[in-house]
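Asks: What follows is each chain in one-letter form.
2 protein chains.
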Amino acid sequence: MNTTEYLVTGMTCGHCEISVREEVQEVSGVQGVEVSHRTGRLVVTGNQPVQDAAVIAALEAAGYQGVRSK
Amino acid sequence: MNTTEYLVTGMTCGHCEISVREEVQEVSGVQGVEVSHRTGRLVVTGNQPVQDAAVIAALEAAGYQGVRSK
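Chains as they are written, first to last, in UniProt numbering: chain D, 1 to 70; chain U, 1 to 70.
Honestly, the hints are just simulated from the structure, not real lab data. Treat each hint with caution, since some may be false.
On the chain U side, residues computed to face chain D include the following (Cβ under 7 angstroms) [said to hold, decoys possible]: (1) T12; (2) C13; (3) H15.
Derived Cβ-Cβ restraints for the label pairs, each shown as a range [what the hints assert, rightly or not]: (4) D:N2 x U:T9: 36 to 46 angstroms; (5) U:D52 x D:G63: 25 to 35 angstroms; (6) D:P49 x U:G32: 41 to 51 angstroms; (7) U:E5 x D:S36: 32 to 42 angstroms; (8) U:T45 x D:Q48: 45 to 55 angstroms; (9) U:T39 x D:M1: 41 to 51 angstroms; (10) U:G14 x D:S69: 22 to 32 angstroms; (11) D:V67 x U:E5: 38 to 48 angstroms; (12) D:N2 x U:Q65: 34 to 44 angstroms; (13) D:D52 x U:D52: 44 to 54 angstroms; (14) D:G63 x U:V43: 23 to 33 angstroms; (15) D:T9 x U:V67: 28 to 38 angstroms.
Even for Gly, the Cβ is constructed at its ideal location relative to N, Cα and C.
Isolated chain D (complex conformation) (with noise of 0.2 angstroms):
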């Protein structure tokens, strides 16, 4: 399982997350979301390596910024 980790502002409440969530699933290989607004900690699982361009376009199509952490 590969798991990558980004850091994501602008977050503010559980509406946040989901929005976050719902873009971020919809990216090819993701299998598993967990995410923070109040810590801004984005992580991704999938059985194959996740794009980080991808996952971070996703966050712009949600209105969120981040960038890769680990």
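Add chain U to chain D, keeping to what the hints say.
Replies: For chain U alone, kept in the frame of chain D given last:
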């Protein structure tokens, strides 16, 4: 046209405004809803007086607390 105003706490973003709007629009007699997470101000308009208790219950259903302010 009757206008009532409420002060709502806990909204942090546009998603919160949407949640409030959706619930308050369902209240009997409500024709218009203006809401801002920045100010916490909710303005409800209707042709007939709207029941405060129903508006406040709708806010609680959306996950927020509100009080009549005007």
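Asks: Please go over all the hints and tell whether each is borne out by the structure.
Replies: Going through the hints against the structure:
1. T12: With a closest approach of 4 angstroms, the T12 of chain U hint holds.
2. C13: holds, 5 angstroms
3. H15: holds, 3 angstroms
4. D:N2 x U:T9: 36 to 46 angstroms: holds, 41 angstroms
5. U:D52 x D:G63: 25 to 35 angstroms: holds, 33 angstroms
6. D:P49 x U:G32: 41 to 51 angstroms: Between P49 of chain D and G32 of chain U, where Cβ atoms are some 50 angstroms apart, the hint holds.
7. U:E5 x D:S36: 32 to 42 angstroms: Once the Cβ atoms are compared, 34 angstroms apart, the range 32 to 42 angstroms for S36 of chain D and E5 of chain U holds.
8. U:T45 x D:Q48: 45 to 55 angstroms: holds, 53 angstroms
9. U:T39 x D:M1: 41 to 51 angstroms: holds, 45 angstroms
10. U:G14 x D:S69: 22 to 32 angstroms: holds, 26 angstroms
11. D:V67 x U:E5: 38 to 48 angstroms: Since the Cβ atoms of V67 of chain D and E5 of chain U sit about 41 angstroms apart, the hinted range of 38 to 48 angstroms holds.
12. D:N2 x U:Q65: 34 to 44 angstroms: holds, 42 angstroms
13. D:D52 x U:D52: 44 to 54 angstroms: holds, 50 angstroms
14. D:G63 x U:V43: 23 to 33 angstroms: For G63 of chain D and V43 of chain U the Cβ distance comes to about 25 angstroms; the hint holds.
15. D:T9 x U:V67: 28 to 38 angstroms: holds, 32 angstroms
Taken one by one, the earlier hints all hold for this structure without exception.
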